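Protein chains: 6
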Amino acid sequence: MILHLSTWHEVEAYLQQSQGIIIPIGSTEQHGPTGLIGTDAITAEAIARGVGEATQAIVAPTINVGMALHHTAFPGTISLRPSTMIQMVRDYITCLAKAGFTKFYFINGHGGNIATLKAAFSETYAYLEDLRLNNAQQVQCQVANWFMCSSVYQLAKELYGNQEGSHATPSEVAVTQYVYPEAIKQAPLASEVRSGHRIYSATDFRAYYSDGRMGSNPALATPEHGKQFLDLAVKELSNGYLEFLNAE
Amino acid sequence: MILHLSTWHEVEAYLQQSQGIIIPIGSTEQHGPTGLIGTDAITAEAIARGVGEATQAIVAPTINVGMALHHTAFPGTISLRPSTMIQMVRDYITCLAKAGFTKFYFINGHGGNIATLKAAFSETYAYLEDLRLNNAQQVQCQVANWFMCSSVYQLAKELYGNQEGSHATPSEVAVTQYVYPEAIKQAPLASEVRSGHRIYSATDFRAYYSDGRMGSNPALATPEHGKQFLDLAVKELSNGYLEFLNAE
Amino acid sequence: MILHLSTWHEVEAYLQQSQGIIIPIGSTEQHGPTGLIGTDAITAEAIARGVGEATQAIVAPTINVGMALHHTAFPGTISLRPSTMIQMVRDYITCLAKAGFTKFYFINGHGGNIATLKAAFSETYAYLEDLRLNNAQQVQCQVANWFMCSSVYQLAKELYGNQEGSHATPSEVAVTQYVYPEAIKQAPLASEVRSGHRIYSATDFRAYYSDGRMGSNPALATPEHGKQFLDLAVKELSNGYLEFLNAE
Amino acid sequence: MILHLSTWHEVEAYLQQSQGIIIPIGSTEQHGPTGLIGTDAITAEAIARGVGEATQAIVAPTINVGMALHHTAFPGTISLRPSTMIQMVRDYITCLAKAGFTKFYFINGHGGNIATLKAAFSETYAYLEDLRLNNAQQVQCQVANWFMCSSVYQLAKELYGNQEGSHATPSEVAVTQYVYPEAIKQAPLASEVRSGHRIYSATDFRAYYSDGRMGSNPALATPEHGKQFLDLAVKELSNGYLEFLNAE
Amino acid sequence: MILHLSTWHEVEAYLQQSQGIIIPIGSTEQHGPTGLIGTDAITAEAIARGVGEATQAIVAPTINVGMALHHTAFPGTISLRPSTMIQMVRDYITCLAKAGFTKFYFINGHGGNIATLKAAFSETYAYLEDLRLNNAQQVQCQVANWFMCSSVYQLAKELYGNQEGSHATPSEVAVTQYVYPEAIKQAPLASEVRSGHRIYSATDFRAYYSDGRMGSNPALATPEHGKQFLDLAVKELSNGYLEFLNAE
Amino acid sequence: MILHLSTWHEVEAYLQQSQGIIIPIGSTEQHGPTGLIGTDAITAEAIARGVGEATQAIVAPTINVGMALHHTAFPGTISLRPSTMIQMVRDYITCLAKAGFTKFYFINGHGGNIATLKAAFSETYAYLEDLRLNNAQQVQCQVANWFMCSSVYQLAKELYGNQEGSHATPSEVAVTQYVYPEAIKQAPLASEVRSGHRIYSATDFRAYYSDGRMGSNPALATPEHGKQFLDLAVKELSNGYLEFLNAE
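Line order of the protein sequences matches chains G, Z, Y, X, E and D.
All the letters of the first sequence, read from the start, carry residue numbers 9 to 256 under our numbering.
All the letters of the second sequence, read from the start, carry residue numbers 9 to 256 under our numbering.
All the letters of the third sequence, read from the start, carry residue numbers 9 to 256 under our numbering.
All the letters of the fourth sequence, read from the start, carry residue numbers 9 to 256 under our numbering.
All the letters of the fifth sequence, read from the start, carry residue numbers 9 to 256 under our numbering.
All the letters of the sixth sequence, read from the start, carry residue numbers 9 to 256 under our numbering.
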């Protein structure tokens, strides 16, 4: 069930059955010479919809722009500051909690979102208790990173070994190729790609990772791989969502 | 050209040709018994993509959640507070202006966004000047509300007269029917629908507009109407965008 | 009844009769070579006092500084950022609502305030509901722009035609001349004055509108006109206030 | 010279002669059974205008609403939160410093403003240095409390002894009587009035100081006293302003 | 009783006896050529612990970094902006008030903290009332500046006369020498030291007070003096705390 | 070298040799029936001082209060909201970066701080670039969690097996016993202790973890163990700091 394609009566009915909601969150950021700027949002959305179908959960609209300040030296990147994102997430959860939702499952496509999301959850729990919402104590948030699913990780290792890298990876590129075959990009990739440098400022990032990749070889990606990754992630996160829903 | 389906190299190349960008902005809010919660985002996105194609402009990912606090007494609505939205818009524009964009054309599907967007533009112009960006003086933002296009307005009047109303209108519902024919909803609509009450708090809104509509009869909508509205809006806003781009 | 010239006992008594309050809001910004920097505050205050007398409403102290960031490249201008102004308006309304006021009628002298005021109202309605004030649902805010009164508009058209312009207009200058005849200014005015350029950054504004006027010829103003405008605005906004007060 | 009654050309000319500006700041708060709610703003404004005339300084519009949270349990009080007021003061000074002002002399009528004003000055100095304004190092702010002038203090002691008290004092009431003789109020005053309790929350304040006075007997005030206080404050603060202006 | 060396059960038991807490607050800022950067925190902490022992009060962890923006042109200084410090103090008091504390006694070692602390108290009282905490009306905060104790002031005058100065004073240096005899510093001190210039921006401060001292001769300090000051401050503030605790 | 026990001249000299600084960060929160409320700050500070000595690095004052909102249902806990902590960390780093520091090594004693610290780092990198600090691109922050050192982890496993748990652990309690042998606490501990429940709101936390422990048996701790943990952590983090310092 897609929130955007539902009416408020349908949401009201849904809430009689379940208080869970899936919120896809991605990013709008450079993904190397061949990766799509929307990679993290596209993958999170596709997987979230799969999980929604598999579990009959409602799926919120995708948060397309997240915390990607370190990529902003590359054109096309859009990022929230963490302080903005915390307020945004607080607003989302507050609205939905007032309506009766209590289990918030963020399916996330971008590692850079994790810290700020967790900070936002803490901020929000305290805020809801201060509001004295009836269901404040029941509100629970979880971030589920599809790229950290063990099944995904294992397949990526099998297919790409250490050419998976950690940004603009063949696995995430593969998923976008499967979802948008019309947007498969070709571009020359330097055979040497740097890795191992931590993430600091945007300028520092670009100075080190000059084409945007972090240790990855996205040329290995294929749409067929993409389907495999997508299916694995949907399966693993569907289980994860149901566990979350049923947990105390 | 879709930002999410582009690489940063492609964006870099685009910026050699144009500094304009189209940003669709909608809302996630109740639209009466039969309107989709995503109506404002769906319509804005569809029209923005049409304008992007017609003008070869790049189209940013849709801002799905806007300023809809007055609808939050209906389940499914998600809203930012204006203070959050101002920071969010500031972050978007700042990132893009640093990359070289200067003409920001927000194609908007929700009346409730207008005031906050304009406030955000003012906040951002001053912020960019304080940052001493090279192109700060060139940055220009405009909000283009598709539902206020004169051609759209005229057709709505012809087709629906005063049953167009001002929220959950047949014209916007029609556009969503055209875009998502699989999500056309049926529900009984009270023949009497209230109108004329201004917008204050969420509780007040729901007390007055009990099913969420404001003076509208969305049962008049058809997908065919939707196509007409979409085409008119794309045409009028394409002209609007090009004028904006070429203006001093 | 002037809030500043009342005691708290008198306010307490007033609240037994009425929950309405008039808040004049202006700006401190350049108004061309001959317009007073306080024009928008002076006019809003004079009109608000007239409305207060006509309707026996209490009138709050004038908000002298509003949202005028686009005028800040001219010396003497003072502006709040929209994000500051939203907090300020929220603080005003919250204090007054706790005391029992529920109908807030902002008589506004500056177009640049409108968007931020509306954003502030939305922010405040939600905030008051979160506070669980007893009267949160009753709180209603309205912005009444005296320069957009139809009677004012019509007289300006008759007297000045298209030389009314849109900033440093003869109509607003006339009102200040009537209120402060000792501060009527003379200065040479270029016969050509630009118009039609939208408002973006402060630097851009001054680059285009080099003497501060937007399409206006304030030399046409007279104190007698000023009295006429003042009387018309008071009359029309008195009706507006009473309607607002009596509306559901 | 009154900023509100000047044109931007006049301000430009003034800045050739002086970079000083006087900013009156008061409050909108209860002042006991007979004191005006605008007392602190009225007195600050009248004295600031006197100082402006005596020293040929420009006088900004009065900040009518300050930090009076502890008075908000009495109707008619309006207060900013300190965090709002800091942003507001920062905005004021930033606009004026960009135009060339560097010496900011706040003539203050309300003790409750002092701490927040000083905090705002610190915040602003650092902000202006971060902005890299040319004149950031020259910007200096001072708060001058008219009620703490030694000449004022001495006269109050002579006239009223310990019936001066510390809120709704006869000295401040006297000044308002002189400025607004038409608004002299009569009301029974309990002969016993409490004092000595520190200021904490609004509820606590009202619980202790039930009619709003703090140890004062405003019935002793006369308009003639008011003129004396006004003249003394103008004289002492005129010297204070000139010293400030000429100091390193 | 030291909060950091207690368990939550012990705090729970303490709250049965007392709702008072002592919070030491200092600063991390330059203190001239021989003064320790931690001077204000070290002194506040030592005195707070003494007061805690003498009065059996619980002592919170020391706030080591306060409002010292004007010292930031000297390396080693760390400062919060006032707006940050207000939020921090609000967070501290809110947590402790929810647990049952109502009497907050800040033992302060730095003059620059006073204004912001007072602003923070006002912000917090209002916030707690908005939260509708049961004990909101009982919450009281006080700032006790050990260096302004009359006994301390008198001894400093006797020992140092006008060489006490107002920053990097021999009295505060003496206390740190007593607490940390292993960190007594020697460095040449210019015999002339400036004084009398008010505090504005960090750059201005360093331009005027080139070695960081304000009119002081810290070479006069001895550890023995330090013990005397410490004992006097502990005694006077112990009385101050008990009065505060017992006051209405 | 301890920042608090240094003069600004000494810091200036240090900066000629190194641009690194160690910042201990802990928390003020319940640690079960026998754990000290200051556990996380005490351990972080002791280890940071050890690392400082081993590497001749300067050690900043300990951040005693961090992000512990989920523990606030237990008395004695003090927490910042994440949004406050982000501003605080930004202020710290900005001051120090302006003075010339570029390598910020946060030795952390509390898992709950990690997400917010990382968010704060991102916010700060972008802020410093916006400030156009000369060394903005060189600024690097790292969080080093002593309890996640592999040597620590291994010893804890050997000594305690799965009775180590994840909050109020014997390993952290042991370190505090070694540092403060006078503050070793005895209290009955229920033999059954819950674990495995994720962290959500403060109320939910206390409802599940009723005595504050998460799966741990702190009765196993001894001061001798504490010395071992301390030594291991100092050794491992000293290496970590030097690697960080020397890394590109």
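Treat the hints as calculated values from the structure; they're not laboratory data.
It should be emphasised that the depicted structure is a prediction, and the values quoted were computed from it without experimental measurement.
Each hint should be verified, as a subset may be incorrect.
Because identical chains cannot be distinguished in the list, a pair is counted as satisfied if it fits within a single copy or across any two copies.
[What the hints assert, rightly or not] Result set (SDA-like, lysine to any residue): computed pairs, CA atoms no more than 20 Å apart in a straight line:
(1) K111 - S199
(2) K106 - E190
(3) K106 - G204
(4) K106 - T211
(5) K111 - G248
Original post:
Hint by hint, which ones does the structure fall short of?
Top reply: Hint check: 1, 2, 3 fail, others pass.
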